[in-house]
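A.B. asks: With the hints as extra help, turn the sequences into a complete structure.
Quick mapping for you: the protein sequence lines, in order, are chains A and B.
Sequential numbering of the first sequence, starting at 1, is according to this note's numbering.
Sequential numbering of the second sequence, starting at 1, is according to this note's numbering.
None of these hints come from the bench; they were simulated from the model.
Using C-beta positions, here's what the derived DEER-type ranges look like: (1) Val44(B) <-> Pro69(A): 24 to 34 Å; (2) Gly28(A) <-> Ser52(B): 29 to 39 Å; (3) Ser72(A) <-> Val44(B): 18 to 28 Å; (4) Leu111(B) <-> Arg63(A): 42 to 52 Å.
Cβ coordinates follow ideal geometry from the N, Cα and C atoms, glycine included.
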Amino acid sequence: DTEVTQTPKHLVMGMTNKKSLKCEQHMGHRAMYWYKQKAKKPPELMFVYSYEKLSINESVPSRFSPECPNSSLLNLHLHALQPEDSALYLCASSRRGAGGIGETQYFGPGTRLLVL
Amino acid sequence: GQQVMQIPQYQHVQEGEDFTTYCNSSTTLSNIQWYKQRPGGHPVFLIQLVKSGEVKKQKRLTFQFGEAKKNSSLHITATQTTDVGTYFCAGSTGTASKLTFGTGTRLQVTL
Chain A
1 DTEVTQTPKH
11 LVMGMTNKKS
21 LKCEQHMGHR
31 AMYWYKQKAK
41 KPPELMFVYS
51 YEKLSINESV
61 PSRFSPECPN
71 SSLLNLHLHA
81 LQPEDSALYL
91 CASSRRGAGG
101 IGETQYFGPG
111 TRLLVL
Chain B
1 GQQVMQIPQY
11 QHVQEGEDFT
21 TYCNSSTTLS
31 NIQWYKQRPG
41 GHPVFLIQLV
51 KSGEVKKQKR
61 LTFQFGEAKK
71 NSSLHITATQ
81 TTDVGTYFCA
91 GSTGTASKLT
101 FGTGTRLQVT
111 L
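C.D. replies: So, in C-alpha cells, the structure goes:
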C-alpha cells in the first residue's frame, strides 16, 4: 500500500472559522510533510515531522498549527485564515526523513481550501 | 535561499515530438528528484539522481544530472497524450528531508 489519504477533499471556510485537515499513511513511514501549492506554482514546504517530532517549520504563520498524534497521522489545524491562504494543501510521507540521501516522497491527493 | 528554476515554463507539442525540460539550481545539490503532476492531481515521484553526471532511463524518459550537480534535465522521446502534466524537479542539499521544488514545466500534447 503506497497510499497517502487526505480529508476532506474540498473545504470552504470563513476567516473566523476553525477547521482541521487530516492526513494518514500506513506505509510505516516516519517522516510526514505539509506543503502548500497555489495554482500553477510548485509545492512549498510548510512543516516536516520526523519520528513524530516537528523538525522543520518554514516560518509558517501561527494560524497554521500542525500536529502529529502518531506515526500514521498528521493534522493541520486552521484558525483565522486569510483569503490568500486559499490553495491546495498537500500531505506527503517518506521512509525516514532524517539524514542520508533525499528520500522519495509520496503525496496524498490534497485538500483544496477556499477561504472566504 | 536555495532557488531552483525550470525552463521552459510551458511547452505545447504534437504527439510524437520530443520534449525536454531543464532544471537549474542556485546551489550544489546532494540529489535531485523528478515528479509529475497531472492536471487536478498531486505530484507523483518519477526518479532520483544522486551521482554527478548520472543518466537514467525509464522507457521513453531520460533523466540526467549535471557534472557540477547544479542542473538536471528530463527528455521525453515521442511524446504521447498521457505525458500531459507539469514536471517538477526537486532538489535537496544538506538536510535530506527538505526538498525545494523547481518552478515546473507544463507540457501539453495534442494529436
